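Quick mapping for you: the protein sequence lines, in order, are chains S and B.
Read left to right, the first sequence gives residues 21 to 169 (my numbering).
Read left to right, the second sequence gives residues 342 to 527 (my numbering).
Keep in mind that the hints were calculated from the coordinates and are not lab data.
Keep in mind the model is a prediction, meaning the values are calculated, not measured.
Treat the hints loosely; a few may be bogus.
Mimicking DSBU-like on lysine-lysine, the simulated pairs with C-alpha atoms at most 35 Å apart in a straight line are [to be verified]:
#1 S:K169 <-> B:K525
#2 B:K434 <-> S:K120
#3 B:K525 <-> B:K430
#4 B:K434 <-> S:K101
#5 B:K525 <-> B:K508
#6 B:K405 <-> S:K143
#7 B:K405 <-> S:K120
Not close to chain S: a few residues of chain B, all C-beta gaps over 12 Å, as computed [as the list claims (entries may be wrong)]:
#8 Q351
#9 D353
#10 V362
Using N, Cα and C, we set each Cβ at its ideal position, and we do this for glycine too.
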Amino acid sequence: MMYDDLNAPEDQADPTLDFEPRSKPSEVGRTPSLRHLPDREVPLPTSATTSVLHQWLDGDVSAAVVRASQGGDDAVDLWTKIHDEAETLRSRTTPLYVHKRIMDSLPDDTYQGHNPWYKRSIKMNPAVLIGGAAILVGIGMVVAQMVLK
Amino acid sequence: MTSETGPVDQADLDQEVIRRVLGGSRDAFELLIVRYSDPLYRHALGMTGSPDVAEDILQQSFIKAYAHLGEVRGRFDAWVFRIVANACKDWLKNIRRSHVSYEEDDQPSSYSTPEEELDRNELRTDLEVALAALAPALREAFVMKHVEGRSYEEMADLLRTTVGALKMRVHRAREALQHLLEGKYA
């Protein structure tokens, strides 16, 4: 059983209701749109075969049980073909060039700002050394003057 | 998602990689791409039916994930899956397609005879057309269950919904596909 809540806001409505099964020609014009059904519990239109089919596809019963039901052979054959096709898709992998394409398209400096200054590495060169030495000498002179006073 | 270690270990490894990326190591992000791109690519391919579109969605999703990496709370694989899943559903809602197929497919054929390949190609095309007739939420549930081979519990975890709701969607999708395909193949 399922429940149609027509009071639900449009953006929260059951997302599965977009699909409308094709009507038989004699039913055209008589079948109301699913979006216009009144508030009520709606029984799913499942036959015994359909119910058993779902159980088989969910791994709860064997294919032999489905084949024993009316029209079961056709259903098993169809779903076996669909499963074979799904198996093919399941073996697909991402083309390797896609990895490179993604890495190449990432911005270079997104997380530079997240690296605190005290964790960043310092590249040593003569200018850095001279600057560092000058700062230390300056601090030393200030401290010495304060002590001598 | 794919992992050789347990889900908890994997989550810890992901968190370590995320810390490195946030610390400025941009290249570390490639570890996450390599680790998770295959299942995400298959999801996008199953949802769109087009390798080119699936690649684009994967690329845009990882760029988005990179830009918002600091917002990850909990499992990275589930978080990035939802980015891809939402992108696929947005694409399905926005696009109006007259024909979608795997024509761009450059993977080698594994069929034994040309006749078998022809039959499989026809089924593939018909299945794609039938899938395209489903609402995005039904297609998503069907692809996750039957193409990706996930359990209902795993699907519920990834999509943040209930097992019952997902069973309902999968059942509806099956019935719709059966209705659309049984006349030709059953």
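Okay, the hints, checked on the actual structure:
In summary, the hint linking K169 of chain S to K525 of chain B is not supported, as the alpha carbons are separated by about 103 Å, beyond the 35 Å threshold. With a C-alpha separation of about 29 Å, the suggested pairing of K434 of chain B with K120 of chain S holds against the 35 Å cut-off. For a cut-off of 35 Å, the pair hint linking K525 of chain B to K430 of chain B stands: about 28 Å separates their Cα positions. Of the supplied pair hints, the one linking K434 of chain B and K101 of chain S holds, its CA atoms being roughly 28 Å apart against a limit of 35 Å.
Distance restraint check for K525 of chain B and K508 of chain B: the Cα-Cα separation of roughly 26 Å lies within the 35 Å cut-off, and the hinted pair is therefore satisfied. A C-alpha spacing of about 32 Å is found between K405 of chain B and K143 of chain S, which places the hinted pair at or below 35 Å, so the restraint holds. As the CA atoms of K405 of chain B and K120 of chain S are separated by approximately 16 Å, the hinted pair is consistent with the 35 Å bound. Every CB of chain S lies more than 12 Å from the CB of Q351 of chain B, the least distance being 18 Å, so the non-interface label holds.
No Cβ of chain S comes within 12 Å of the Cβ of D353 of chain B; the nearest lies about 20 Å off, and the non-interface call holds. Annotated as non-interface, V362 of chain B brings its C-beta within 12 Å of a C-beta of chain S; the closest such distance is 6 Å.
Checked against the numbered hints given earlier, the structure breaks hints 1 and 10 and satisfies all the rest.
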